[in-house]
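Q: Each chain is listed here by its residues.
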Amino acid sequence: MIVSIASGKGGTGKTLVATSLAHALKGRMPVTLLDCDVEEPNDHIYMHARLLRTEPVTIPVPFVDESKCISCGMCHDVCAFNAIAVLGSAVLVFKELCHGCGACSRFCPVGAITEVPHEIGVVEEGDADGIRFIDGVLTIGQPMAPPIIRQVKQYTGTEGVTIIDASPGTSCPVVEAVKGSDFCILVTEPTPFGLNDLRLAVETMRELGLPHGAIINRVGVGDTRTEEYCRDEGIPVLMTIPLDERIARSYSRGVPLLEALPEYRERFLDLYKRIRELVV
Amino acid sequence: MKEVVVLSGKGGTGKTSVVGAFAALAGRKVLSDCDVDAADLHLLLSPTPLEEHEFWSGQVAEIDAEKCTRCGLCEEACRFDAIHDFTAARVGCEGCGLCARICPAEAIRMKENLAGHWFVSETRFGPLVHAKLGIAQENSGKLVHLVRQKAKETAEHAGIEVTINDGPPGIGCAVISSLSGASLACIVTEPSISGIHDMERVLSVCRHFSVPAMVCVNKFDINEEGTRQIEEYCAGEGIDVVSKIPFDTKVTEAQVQGVPIVEYTDDERLVGPIAGAWKAVSARLDAA
Chain A
2 MIVSIASGKG GTGKTLVATS LAHALKGRMP VTLLDCDVEE PNDHIYMHAR
52 LLRTEPVTIP VPFVDESKCI SCGMCHDVCA FNAIAVLGSA VLVFKELCHG
102 CGACSRFCPV GAITEVPHEI GVVEEGDADG IRFIDGVLTI GQPMAPPIIR
152 QVKQYTGTEG VTIIDASPGT SCPVVEAVKG SDFCILVTEP TPFGLNDLRL
202 AVETMRELGL PHGAIINRVG VGDTRTEEYC RDEGIPVLMT IPLDERIARS
252 YSRGVPLLEA LPEYRERFLD LYKRIRELVV
Chain B
19 MKEVVVLSGK GGTGKTSVVG AFAALAGRKV LSDCDVDAAD LHLLLSPTPL
69 EEHEFWSGQV AEIDAEKCTR CGLCEEACRF DAIHDFTAAR VGCEGCGLCA
119 RICPAEAIRM KENLAGHWFV SETRFGPLVH AKLGIAQENS GKLVHLVRQK
169 AKETAEHAGI EVTINDGPPG IGCAVISSLS GASLACIVTE PSISGIHDME
219 RVLSVCRHFS VPAMVCVNKF DINEEGTRQI EEYCAGEGID VVSKIPFDTK
269 VTEAQVQGVP IVEYTDDERL VGPIAGAWKA VSARLDAA
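These protein sequence lines map, in sequence, to chains A and B.
Using the numbering used here, the first residue of the first sequence is number 2, and each one after it goes up by one.
Using the numbering used here, the first residue of the second sequence is number 19, and each one after it goes up by one.
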């Protein structure tokens with residue numbers, strides 16, 4: 002089973018839910034945790050994984066052999082991303098704009114373009130005391146997260162549960178992270194910002210046809226509109242987590258929730274049971 | 019034209035609450051919301067929309083089932099895994115057009131893509147330029163660029179010198195579009211291990227694009243040891259920590275009321291450091 006965790010709004014507790022669910026299920030089944038928030042991966046803080054392997058993530062970008070190039074401009078014409086320009090006899094490649102589609106090399110009439118790997122980040126594989134833990138890290142200054150997310154997702158487990166922690170928002174990195182999962186948990190807050198962004202996240206789930214439910218975190222501040230929205234829209238509220246200074250303080254120091262407050266173990270096991278019932 | 023962008027790396031550190039307060043504290047300025055995936059600034063500023071525009075960006079492939087000979091060449095050539103069973107998925111297609119060019123039956127057409135909407139609104143704090151990216155769309159970076167551009171144009175028209183831009187979380191495409199060429203980045207962080215880790219990454223992005231940065235520590239009293247670590251890190255990097263804002267549920271109460279925190283309370287303990295942050299930003303913009 003693949004369970005992804007998204008939110009719309011940032012800072013609602015995705016990482017808290019992903020790492021706590023992994024810790025609760027460990028020992029009961031094979032657990033794989035994939036941190037797909039490759040812009041700001043944080044699961045490692047709570048997993049204390051032993052790093053086993055690091056592999057680069059590259060996208061293929063064009064390399065032009067100027068001795069063969071006839072400056073015909075075909076590569077520029079077929080590039081949808083303005084990543085290659087022909088100025089007189091010089092060809093300029095803008096790697097940061099290149100999506101690696103391969104059109105330029107394919108259509109070059111004289112075979113002057115080959116593709117070379119351009120590194121945009123890394124994927125790290127580790128072992129967190131029996132949990133298989135993978136994260137992706139986007140290199141500073143690189144814009145494109147989806148290729149790294151795709152590579153992290155190659156590690157999706159074939160047995161037990163795979164938990165995918167997505168980034169905030171609703172655009173391409175989130176879609177890339179959650180697509181293909183059996184269920185998506187949307188972590189939100191009982192505040193106007195939480196609700197506004199939950200609505201967007203729900204629309205994304207509906208567009209993708211993904212079964213989903215909500216966890217409302219920090220209940221006790223804010224208002225009841227998030228809960229009312231879930232009720233009116235028929236979105237199951239899988240769990241609520243109260244605003245608890247003990248959670249905020251221990252969590253801010255990097256202490257996993259189940260270590261600080263062991264009573265949450267049962268609650269996360271119940272959460273998983275609930276999701277299983279909803280997926281079947 | 020002076021442009022400040024508020025960023026954080028980690029989401030949920032309080033960017034939008036800080037920008038809402040800046041909106042109420044600053045003199046003449048144009049505001050913009052560059053978090054086009056999950057825009058929230060309008061919830062504090064009660065905008066009245068003046069203009070709504072469509073944002074067309076990129077293309078998506080569409081396969082004509084009648085012309086398609088099911089040869090499978092497109093599926094094989096697509097690097098984005100966007101074609102299955104002789105159908106192109108809107109979600110996943112990056113619009114490169116390779117499939118349309120190689121289809122021997124000319125069955126694939128590239129269709130212009132409506133990727134979202136953008137708005138110019140009036141608020142009691144000044145003009146606001148904001149946007150809504152379509153659900154599960156690409157190209158948030160381009161929409162961010164457009165929002166910033168329109169904010170600058172709106173300011174120029176009105177003879178306004180400053181734009182204050184609420185940025186997205188992360189360090190990728192949308193952040194780079196919000197940041198590159200700005201006069202100043204104000205980083206709102208929190209003293210948690212993840213907040214600090216993410217702040218360090220977004221400060222590296224600022225350095226990469228040569229945008230000067232300053233730091234505000236929000237909820238500084240949640241972990242005072244963490245706050246000290248932030249101060250030490252910033253001192254080592256030559257970055258000013260201009261304000262330390264305490265944790266206070268009044269910030270959430272103000273959000274529920276839909277007003278900036280400085281209009282909700284005059285509690286000096288809370289409002290003082292936020293006003294101090296604006297003073298520091300404003301002084302840096304004047305000097306820029």
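These are calculated hints, taken from the structure and not from any lab test.
Being a predicted model, the structure only gives us computed values, none of them experimental.
Check the hints yourself; a few may be wrong.
Quick list of in silico lysine to aspartate or glutamate cross-link-like pairs, EDC-like style, CA-CA up to 16 Å [as the list claims (entries may be wrong)]: (1) B/160 - A/204; (2) A/96 - A/130; (3) A/180 - B/99; (4) B/268 - A/224; (5) B/150 - A/56; (6) B/85 - B/103; (7) A/27 - A/130; (8) A/69 - A/130; (9) B/297 - B/258; (10) B/129 - B/174; (11) B/160 - B/72; (12) B/20 - B/304.
Q: Hint by hint, say whether it matches the structure.
A: Hint check:
no.: 1; hint: B/160 - A/204; result: violated (22 Å)
no.: 2; hint: A/96 - A/130; result: violated (39 Å)
no.: 3; hint: A/180 - B/99; result: holds (12 Å)
no.: 4; hint: B/268 - A/224; result: holds (13 Å)
no.: 5; hint: B/150 - A/56; result: violated (36 Å)
no.: 6; hint: B/85 - B/103; result: holds (14 Å)
no.: 7; hint: A/27 - A/130; result: holds (9 Å)
no.: 8; hint: A/69 - A/130; result: violated (54 Å)
no.: 9; hint: B/297 - B/258; result: holds (13 Å)
no.: 10; hint: B/129 - B/174; result: violated (35 Å)
no.: 11; hint: B/160 - B/72; result: holds (13 Å)
no.: 12; hint: B/20 - B/304; result: holds (8 Å)
Consistency note: the structure conflicts with the earlier hints numbered 1, 2, 5, 8 and 10.
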